[in-house]
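**Student:** Reading the sequence shown from the start, the letters are residues 189 to 448 in this note's numbering.
Hints should not be assumed to be uniformly reliable.
Unchecked claim - Derived lysine-lysine pairs resembling BS3-like cross-links, with alpha carbons at most 30 Å apart:
id : residue 1 : residue 2
1  : 430       : 317
2  : 434       : 286
3  : 286       : 435
4  : 286       : 297
5  : 317       : 297
6  : 317       : 434
7  : 435       : 297
8  : 431       : 297
9  : 434       : 297
10 : 430       : 297
11 : 431       : 317
The set of hints was computed from the structure by calculation and includes no laboratory data. None of these values were measured; they are calculated from a predicted model.
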Amino acid sequence: MPGPETAAAAPGPVQERPPSRGRAGRTVGLIAAAAVLGLVAGTAVGYGVQADCEPTPLPALNQPDLAYPAKPLPAGESPARAAAVVDLRAEADGDLRKLLLPRPSGARKAEFLDDEGWLDTAGYASEFKQEGRALEFMLENRIRRVAITSWESGEHRQVHIQLVQFRSSGTIGAAVHTEDAQEWLSDPDYADDDGDVLPGSGNGRYYLFPVEREPGYLDFYEARAVFYRGDVMAEVSIWDAKKISKKDIRSLAERQLERL
Numbered sequence: 189m190p191g192p193e194t195a196a197a198a199p200g201p202v203q204e205r206p207p208s209r210g211r212a213g214r215t216v217g218l219i220a221a222a223a224v225l226g227l228v229a230g231t232a233v234g235y236g237v238q239a240d241c242e243p244t245p246l247p248a249l250n251q252p253d254l255a256y257p258a259k260p261l262p263a264g265e266s267p268a269r270a271a272a273v274v275d276l277r278a279e280a281d282g283d284l285r286k287l288l289l290p291r292p293s294g295a296r297k298a299e300f301l302d303d304e305g306w307l308d309t310a311g312y313a314s315e316f317k318q319e320g321r322a323l324e325f326m327l328e329n330r331i332r333r334v335a336i337t338s339w340e341s342g343e344h345r346q347v348h349i350q351l352v353q354f355r356s357s358g359t360i361g362a363a364v365h366t367e368d369a370q371e372w373l374s375d376p377d378y379a380d381d382d383g384d385v386l387p388g389s390g391n392g393r394y395y396l397f398p399v400e401r402e403p404g405y406l407d408f409y410e411a412r413a414v415f416y417r418g419d420v421m422a423e424v425s426i427w428d429a430k431k432i433s434k435k436d437i438r439s440l441a442e443r444q445l446e447r448l
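All chains, full assembly: derive it from the sequences and hints.
**Tutor:** Pasting the structure below:
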């Protein structure tokens, strides 16, 4: 981040307040939304999600006639576009980490980030206030894996991106998870604003949080964007000790969206 801004004068040294990775989301609302949609179907017992688990490939389709559409494609569709959709699906079914934005030249890897780039389900659920209920929701909606990246630039700026993928039979999980996040982000305890539409996403929004000031600490600014595409929900966050512009978070989210 650029040079630090101090809070109101206070005795003692000014300290950097490390950004909290926890979204402290309203998991109660998330569970309720899932129940309304009929997603909660009992307790998930013994169900484990391995973040680094590669998918088991399906047997090849050997019918030659499947190489071309059996019926004319809908208006506006083309073989090239259909192939592009297949390519996107193949990317998401492969190494999810490859869909994350790469760390910019000159940026530093965040200290807390390991070299693997995965966050296990329990670790992801621990970011919520009601960890147990969040974990229950994730498992019942068949969360598959969470890929993460984070970097630091300037003196205090930090970027954090998470891609949360649900299994194909639970694609609605990404939609519900996104909608719930957008609900609590607009809450007075968080961004206290409905945010702005993320262009090109069809469902995403981005938010600027009110600045947090506390004697003895640097000012704390935060911006987030949440959206989903298919079975992948993306959350993009920026933290800084100086003001974050809407353009900063929007352009970052748009670049991540382009990779999904």
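**Student:** Residue 431 and residue 317: Cα distance at most 30 Å?
**Tutor:** 27 Å, holds
**Student:** What's the verdict on residue 286 and residue 297, does the C-alpha distance respect the 30 Å limit or exceed it?
**Tutor:** 16 Å, holds
**Student:** Under the criterion that the straight-line Cα-Cα distance not exceed 30 Å, is the pair residue 435, residue 297 satisfied?
**Tutor:** Holds: residue 435 and residue 297 sit about 23 Å apart, inside 30 Å.
**Student:** Keeping to a limit of 30 Å between CA atoms, is the pair of residue 430 and residue 317 held or broken?
**Tutor:** 27 Å, holds
**Student:** Would the hint linking residue 317 and residue 434 be met if the CA-CA limit is 30 Å?
**Tutor:** Judged against 30 Å, a Cα distance of about 27 Å means the pair holds.
**Student:** Does residue 297 lie within 30 Å of residue 431 when you go C-alpha to C-alpha?
**Tutor:** 22 Å, holds
**Student:** Measure nothing beyond the straight line between the CA atoms of residue 317 and residue 297; if it is 30 Å or shorter, mark the hint as holding.
**Tutor:** Holds. Residue 317 to residue 297 sits at ~27 Å (cutoff 30 Å).
**Student:** Compare the distance between the alpha carbons of residue 430 and residue 297 with 30 Å, and conclude whether the hinted pair is satisfied.
**Tutor:** 20 Å, holds
**Student:** Assess, step by step, whether the Cα of residue 434 is no farther than 30 Å from the Cα of residue 286, and give holds or violated.
**Tutor:** Roughly 26 Å separates the two Cα atoms, so the pair holds.
**Student:** Below or equal to 30 Å on CA atoms is what counts here, so check residue 286 against residue 435.
**Tutor:** 25 Å, holds
**Student:** CA of residue 434 to CA of residue 297, is that 30 Å or under?
**Tutor:** 24 Å, holds
In the structure shown, no violation is registered for any of the earlier numbered hints.
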